[in-house]
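As a plain string of letters, each chain reads:
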Amino acid sequence: MSERATGTAGNEPFLVVEDLKTHFTVPAGTVKAVDGVSLELRRGQTLGIVGESGSGKTVLSRSIMRLNIGGNVHTTGSVRYDGRELIGLKAKEMQSIWGLEMAMVFQDPMTSLNPVVKVGRQLTEHLRFHLNVSKSEARQTAIELLRSVKIPEPETRIDNYPHEMSGGMRQRVCIAIALACGPRVLFADEPTTALDVTVQHQILNLLATQQKERFMSMIMVTHDLGVVAGRADEIIVMYAGKVVEKAPTATLFAEMKHPYTEALLRSIPKIAQPKHSRLSAILGRPPDLINPPPGCSFAPRCPYAQQRCHEEKPVLSPGSTPGHQFACHFPVGTPEAREAFDRNLAAGLPVTLAAAGDSKVSDDDLVTSAGGA
Amino acid sequence: MAGSGRAHLRPEDETLLRVEHLNVEFPVGGGRVVYAVSGISFDIAKGETLGLVGESGCGKSTTGRAILQLPRPTSGSVVLNGVDLMELDGEGMREKRTDLQMIFQDPISSLNPRRTVGEVVAEPLQVWGPHDEDKQWDIVADMLEAVGIDPGVARYKRPHEFSGGQCQRISIARALVLEPELIICDEPVSALDVSVQAQILNLLEDLKAEYGLTLVFIAHDLAVVKNISDRVAVMYLGKMCEISETDEMYANPAHPYTQLLLESIPEPDPLAVLDDRAEIEGELPSPLAPPSGCRFRTRCPYADETCARVEPQMRRVSEDHYVACHHPLVPVDETEVQIDV
Ligand SMILES: Nc1ncnc2c1ncn2[C@@H]1O[C@H](COP(=O)(O)OP(=O)(O)OP(=O)(O)O)[C@@H](O)[C@H]1O
Ligand SMILES: Nc1ncnc2c1ncn2[C@@H]1O[C@H](COP(=O)(O)OP(=O)(O)O)[C@@H](O)[C@H]1O
Ligand code: SF4
Ligand code: SF4
Ligand SMILES: [Mg+2]
Ligand SMILES: [Mg+2]
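If you read the protein sequences in the order shown, they are chains A and B.
Residue numbering for the first sequence is 1 to 373, as defined by our numbering.
Residue numbering for the second sequence is 1 to 341, as defined by our numbering.
The hints are simulated quantities; they were obtained by calculation from the structure and are not laboratory data.
Careful: at least some of the hints might be erroneous.
[Said to hold, decoys possible] Not close to chain B: a few residues of chain A, all C-beta gaps over 12 Å, as computed:
(1) Leu67
(2) Gly182
(3) Ser362
[Stated by the list, open to error] These stretches of chain B come out as covered by chain A in the derived footprint (C-beta under 8 Å, 3 or more residues):
(4) 241–252
(5) 257–264
Beta carbons are placed, not taken as given, at the ideal position from N, Cα and C, and that holds for glycine.
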């Protein structure tokens with residue numbers, strides 16, 4: 001995938017996000033859901049954003065699209081699209097961007113489709129709102145769009161209500177709507193999480209072909225490293241609102257440096273491993289985003305954590321391979337990290353025991369043990 | 001799918017549970033019937049984990065619940081330790097309930113929110129266990145300890161004060177207090193984050209070794225099922241396609257549907273080739289009117305006229321590997337065909 005989009009001279013990033021912060025004001029304080037994220041996107045490129053539930057993936061993609069509506073939101077930083085700053089634009093000014101330049105496909109197709117309106121009308125209304133086309137032209141385009149997302153017999157399916165379709169077909173309709181006005185960037189937020197593995201495979205293939213045909217860029221949000229592994233050019237790993245590691249996909253898998261990335265990958269059962277292979281587990285839950293831990297936000301769950309980690313925030317810094325960045329004091333694979341892990345294991349630190357496959361330590365044990373060995 | 005037949009069953013004295021010709025039908029009004037499970041047979045040996053996989057709606061949960069007679073299957077036999085549960089009356093079945101337990105997908109909502117964790121785990125003992133409360137608590141505390149929950153901390157707390165993963169540990173403790181013969185786990189990790197899923201899978205493996213548990217493990221995630229199962233059965237639209245020792249099935253899938261399922265798995269490997277993999281075409285047919293012959297034929301790349309006419313029977317591929325398909329992907333032992341009536 002490296003040849004697909006990266007290393008394309010003259011293909012400058014058209015979407016540049018810098019130090020983006022999205023904070024929510026709630027009675028208990030300020031939720032720092034996205035806290036200083038920077039990224040770039042080039043034409044035809046697929047960017048994967050990976051992280052556990054609550055890590056800020058959805059808020060990040062909605063913030064880039066300026067879809068956070070509500071009084072308690074405070075967004076700072078910069079989102080430049082073709083050199084134009086989007087932060088600060090009003091919803092009315094975003095109308096020329098939404099659908100036409102950036103579009104989104106959501107996890108649950110039912111929430112983005114209107115259940116009492118035929119899918120055809122949902123498509124044609126969208127087309128007529130954004131493009132200056134007649135009713136009959138819009139219907140013809142809608143049928144073609146349904147055909148392009150491989151809906152069988154689109155001429156009759158166009159008159160279906162969403163509930164008359166399977167989950168996979170509904171997601172195809174959502175993709176058709178998102179593609180209708182030929183956006184340059186498609187945001188796909190867990191587009192297949194609600195679907196069966198065979199349907200997921202169909203939808204991911206569909207997104208990939210459409211992307212290739214349209215030379216479109218894609219930001220794919222998922223909690224599943226497997227979904228983006230073969231499909232993204234670059235992956236960003238998020239934890240507690242921050243980017244903890246970022247790398248071209250092949251580099252990330254070959255030289256992952258952040259303990260959280262490693263933990264995510266090692267906790268997934270792999271089809272290539274024989275039955276009864278031991279898994280490495282992560283104890284605990286992501287931190288409170290109102291009062292995050294003072295040092296590294298992963299420290300309470302990290303099998304490598306040392307005293308320094310609890311005190312000093314690691315900053316995102318470049319690694320030895322171009323495009324690789326990570327934020328960690330004891331990067332995976334270094335002698336310092338190995339020593340740290342062994343020290344924690346010897347001291348019986350629960351998170352380290354769980355990473356080593358001990359099933360009897362559980363979240364309970366975290367309460368009593370604070371800090372590294 | 002495609003198939004019926006019993007060639008894959010082992011001698012009865014080697015197994016704990018033997019299910020034969022199981023049919024579960026749900027009348028849905030207007031004279032229409034959902035054929036949820038149609039004529040499947042399988043067995044489980046003591047201490048074994050049988051994985052059940054297949055797409056949503058293929059009948060996995062219905063099969064699991066049919067073992068517990070919830071509801072009573074339409075026909076067939078479910079023999080546990082030599083006793084056919086289908087022939088027991090309500091009272092007889094009530095007694096057997098101590099031998100069979102179930103763990104569900106949604107750990108938080110499957111635990112009673114108004115009771116303390118101590119009470120929730122002790123619940124099965126109230127009916128079937130010792131009546132002495134101290135004795136009950138000793139058993140409960142041991143079980144909580146075994147699943148990695150601090151009994152002292154948990155006793156007076158309520159389930160919603162725990163995370164999803166911890167609630168699943170508590171459900172497992174509750175399922176274990178009566179030392180059941182068989183535990184049906186219906187998608188026990190599907191609602192959990194991957195980090196927590198790994199904890200629960202490791203825990204089930206350890207408990208299995210410690211207590212000699214026998215499990216039916218239902219899931220739609222094939223990598224999860226491979227990790228935990230000794231044997232795997234693949235279901236499609238109420239039928240059983242293939243049953244085999246786990247590593248053998250994943251290495252040499254014999255059924256076209258199994259192969260398509262395996263090829264659909266998104267692998268966390270950036271070098272995995274994606275573009276030339278076959279994708280399963282079309283939509284799942286309705287269980288109200290399943291296709292004739294092989295139920296998979298409407299989506300099978302190898303289907304021919306025989307597939308539409310004749311239902312394939314289970315045939316032997318190798319030691320502990322059986323498939324129900326007229327055109328299997330690996331050669332089968334033709335002599336073992338066994339026609340069912
Ligand atoms: N309107 C809001 N007010 C307050 N907090 C919010 C709001 N929206 C999101 N959050 C919080 O921001 C954090 C990040 O949420 P987000 O939805 O981006 O997570 P995610 O990574 O997409 O998770 P998932 O995998 O579950 O979709 C969470 O702690 C969430 O509770
Ligand atoms: N009580 C019921 N009434 C009618 N149909 C049912 C009932 N329970 C299950 N079904 C149907 O039986 C089939 C198998 O369902 P199920 O066992 O839940 O599948 P799985 O667990 O594999 O997703 C589905 O078509 C489902 O809709
Ligand atoms: S080693 Fe330290 S800095 Fe690195 S992830 Fe773990 S806790 Fe954070
Ligand atoms: S080849 Fe025939 S019998 Fe085998 S799965 Fe395909 S349709 Fe069914
Ligand atoms: Mg989300
Ligand atoms: Mg089910």
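- Against the earlier hints, flag every one the structure doesn't satisfy and list their numbers going up. 3
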